[in-house]
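Q: Here is how the chains run, residue by residue.
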Amino acid sequence: MDPQRLLAQLLCQYEGMPGGLLPLLQAIQEDFGFIPRESVPAIAQVMNLSAAEVHGVISFYHDLRTEEAGRHTLQICCAESCQAAGGRALEARAQEVLGIGFGETTGDGAVTLEAVYCLGNCACSPSLRIGNNTWARVDTALLDSLIAQLRSAEVLS
Amino acid sequence: MTTRYFIPRDTTALAVGAQSVADALSQALQGQEDVTIVRNGSRGAFWLEPLLEIERNGERVGFGPVSVADVPTILALGPSDQAGHPLYLGPVEAHPWFAGQQRLTFARAGLDDPLCLEAYLARHGFDGLEHAVHLPQADIVDEITRSGLRGRGGAAFPAGIKWRTVMEAAGDEKYVVCNADEGDSGTFADRLLMEADPYQLIEGMAIAGVAVGARQGYIYLRSEYPHAWDVLHKAIAKAEAAGYLGEGICDSDKHFHLELRLGAGAYICGEETALLESLEGRRGMVRAKPPLPAHQGLFGKPTVVNNVLTLAATSSIMADGAEAYAALGAARSLGTLTVQLAGNIRRGGLVEVPYGMSLRELIEQFGGGTRSGRPVRAIQVGGPLGAYLPESLWDTPLDYEAMAAVGGMLGHGGVVVFDDTVDMAEQARFAMAFCAQESCGKCTPCRVGSVRGVEVIDRIIAREEPEQNIDLLHDLCDTMEAASLCAMGGLTPHPVRSALRHFPQDFN
Ligand SMILES: Cc1cc2nc3c(=O)[nH]c(=O)nc-3n(C[C@H](O)[C@H](O)[C@H](O)COP(=O)(O)O)c2cc1C
Ligand code: SF4
Ligand code: FES
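One line per chain: the protein sequences are A and B, in this order. For reference, each letter of the first sequence is one residue, going 1 to 157 in the working numbering. For reference, each letter of the second sequence is one residue, going 158 to 665 in the working numbering.
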């Protein structure tokens with residue numbers, strides 16, 4: 001669908017929903033992959049807010065982004081249970097293999113690396129998530145092979 | 158007679174390969190008559206996942222952990238020789254790991270397809286709500302109060318008192334909000350409940366709505382739980398269609414609508430007032446209290462905010478009575494204790510036991526020691542704001558008061574085990590870094606103190622004037638404890654100080 005029409009449709013759908021700004025932003029990101037900056041004035045108008053307020057909300061939440069992410073997002077759990085089970089090594093390895101830090105995207109646009117704090121998979125730490133799939137008891141060999149698959153554009157999720 | 162095969166659809170079960178086992182199973186059973194594959198929730202014995210259960214002639218036995226390669230070897234056996242299989246576990250509830258538990262809130266978890274309403278009803282589901290809709294509001298609140306139920310989200314506040322406040326508050330617009338943000342590392346009880354027994358939460362929320370006079374409820378679910386979202390979304394629709402939500406629930410004159418909302422990756426949104434801000438569509442900034450949410454909560458209206466497990470527990474209290482609930486537990490910790498064994502642990506999972514068991518018993522009896530095989534050195538209880546406990550404190554009974562007496566906190570029941578390779582200075586640093594990352598930024602001691610805390614610990618780790626810097630760290634902790642608006646800044650000193658106090662050798 002034409003992006004303008006899609007946006008208009010979403011704005012219509014969430015207009016008038018109590019506390020609807022966050023669900024609207026999430027819906028936009030779901031469809032566009034990110035929240036286009038150009039859409040902020042229209043969002044603000046429909047939600048009866050200032051553009052600054054909308055920006056304030058977008059910047060507060062780790063999930064929301066205003067720039068396109070890589071084709072895949074690799075989330076490594078950096079919280080305590082995973083640390084206890086070898087997660088710190090995975091954090092280091094992922095950055096080293098991808099050559100980027102957390103919050104960054106590889107030059108080829110294949111992978112965005114993100115830190116998350118607990119995936120609720122702590123009985124089988126350490127964990128990582130790609131799309132809606134979680135992996136458990138991850139070691140560096142599994143991490144390496146998952147990264148290789150992401151890079152070769154195989155769709156995992 | 159149909160043979161039923163159960164293979165869970167739970168997040169952790171899937172993360173350890175349950176989907177490929179399910180695929181292998183359905184391929185192997187293709188064309189066979191009288192077989193069904195049930196995608197149940199998990200029972201919470203995650204160390205046994207993927208746990209395959211087979212039910213024939215009313216007898217249900219388990220095998221686990223099962224890999225794809227094991228599937229044909231299990232299917233080749235019949236009822237007479239299956240016990241010889243190396244992964245055979247027998248009837249799962251009789252397994253020692255379960256036999257030592259007292260399952261109440263998690264009694265149904267893993268038994269059925271979580272979305273099967275008939276199965277929920279067959280296990281006394283919605284009995285509590287059916288009972289509640291015909292009672293005066295005050296009687297429901299009394300029942301909850303007499304049960305002694307305390308909030309399971311961390312602060313252990315009596316649920317009955319909160320409900321009474323909202324019931325008595327003026328105005329006819331009120332809300333029930335379920336805190337499903339479960340941000341603490343080492344916890345997954347809320348997730349397991351939502352994925353394995355979602356109707357129990359729905360029932361508890363409807364009971365709360367009827368009790369306080371709220372017609373609208375919200376579940377605020379963290380975005381890290383996509384499977385829970387999927388299950389809840391469908392469960393709400395089915396409960397609505399069956400008349401347990403919406404207008405005139407259970408053929409009464411009571412109404413309760415329920416909406417699912419998604420968080421956006423902010424730990425602070427687990428704090429109830431930040432959660433309400435977020436639900437209203439704003440930045441998740443903590444509100445000063447008073448006013449309490451019970452007086453002025455969501456959209457300024459009286460609001461019950463309770464944790465998933467608190468709300469779920471009210472369904473069995475209303476079904477079986479306050480006395481049955483209060484008969485479990487001891488002193489001021491009534492009912493059952495839900496703990497989650499996590500971190501470096503051999504047999505990780507959800508354990509529901511009577512209050513009063515010690516950490517040592519838990520780790521040894523249920524946890525089976527570390528997964529690495531090395532000695533346990535530290536145990537963090539109660540999430541990222543909880544203390545690191547050394548061996549000398551592992552005999553403390555697990556109840557709210559006893560834990561507080563040793564400077565610890567039960568919180569949401571997360572138990573994260575570390576072996577002897579842990580560097581406690583790094584863990585202290587992480588506590589401060591996490592606070593800096595997740596602070597809502599409203600007050601200086603938390604926002605700035607945590608950033609300073611990281612710097613100071615970095616200097617300690619680099620052995621720069623360690624004594625002065627340790628003193629400085631204590632001063633910072635004092636300030637954060639004394640002057641933070643909420644427990645994020647106020648309790649971050651817990652893990653930091655416990656690391657300093659109990660593991661001083663890691664700091665010099
Ligand atoms: C920083 C912070 C994070 C919290 N996170 C959660 C959470 O993820 N889930 C939860 O139920 N309560 C959490 N709480 C506690 C809530 O503020 C609140 O006490 C709870 O939702 C009340 O429900 P209960 O009485 O049923 O426990 C958090 C509190 C703080 C200070
Ligand atoms: S203590 Fe931290 S999280 Fe809590 S209100 Fe202050 S700045 Fe926000
Ligand atoms: S801490 Fe990593 S999954 Fe919970």
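Please note that the accuracy of each hint is not assured.
As the list claims (entries may be wrong) - Below, computed lysine to any residue pairings styled on SDA-like, alpha-carbon distance capped at 20 Å:
| no. | chain 1 | residue 1 | chain 2 | residue 2 |
| --- | --- | --- | --- | --- |
| 1 | B | K458 | A | G56 |
| 2 | B | K599 | A | A52 |
| 3 | B | K599 | A | H62 |
| 4 | B | K391 | A | G86 |
| 5 | B | K599 | A | G56 |
| 6 | B | K391 | A | P23 |
| 7 | B | K395 | B | K599 |
| 8 | B | K599 | A | H55 |
| 9 | B | K458 | A | G19 |
| 10 | B | K446 | B | E638 |
The hints are simulated quantities; they were obtained by calculation from the structure and are not laboratory data. Note that the coordinates shown come from a computational prediction; the quantities given were computed from them, not determined experimentally.
Q: The structure should be examined with respect to each hint, and the outcome stated for every one.
A: Evaluation of the provided hints:
Pair hint B/K458 plus A/G56 does not hold up; C-alpha atoms about 25 Å apart against a cutoff of 20 Å. Taken as a hint, the B/K599 and A/A52 pair is honoured in the structure, with Cα atoms around 18 Å apart against an allowance of 20 Å. Under the criterion of a C-alpha separation no larger than 20 Å, the hint pairing B/K599 with A/H62 is consistent with the structure, at around 17 Å. As the CA atoms of B/K391 and A/G86 are separated by approximately 36 Å, the hinted pair breaks the 20 Å bound.
With a C-alpha separation of about 14 Å, the suggested pairing of B/K599 with A/G56 holds against the 20 Å cut-off. Restraint check for B/K391 and A/P23: satisfied, since their Cα atoms lie roughly 18 Å apart, inside the 20 Å limit. Restraint check for B/K395 and B/K599: the C-alpha separation of about 41 Å exceeds 20 Å, so the hint is violated. Taken as a hint, the B/K599 and A/H55 pair is honoured in the structure, with Cα atoms around 18 Å apart against an allowance of 20 Å.
Proximity of B/K458 to A/G19 is assessed by CA-CA distance (about 14 Å); at most 20 Å being required, the pair is judged to hold. Distance restraint check for B/K446 and B/E638: the Cα-Cα separation of roughly 17 Å lies within the 20 Å cut-off, and the hinted pair is therefore satisfied.
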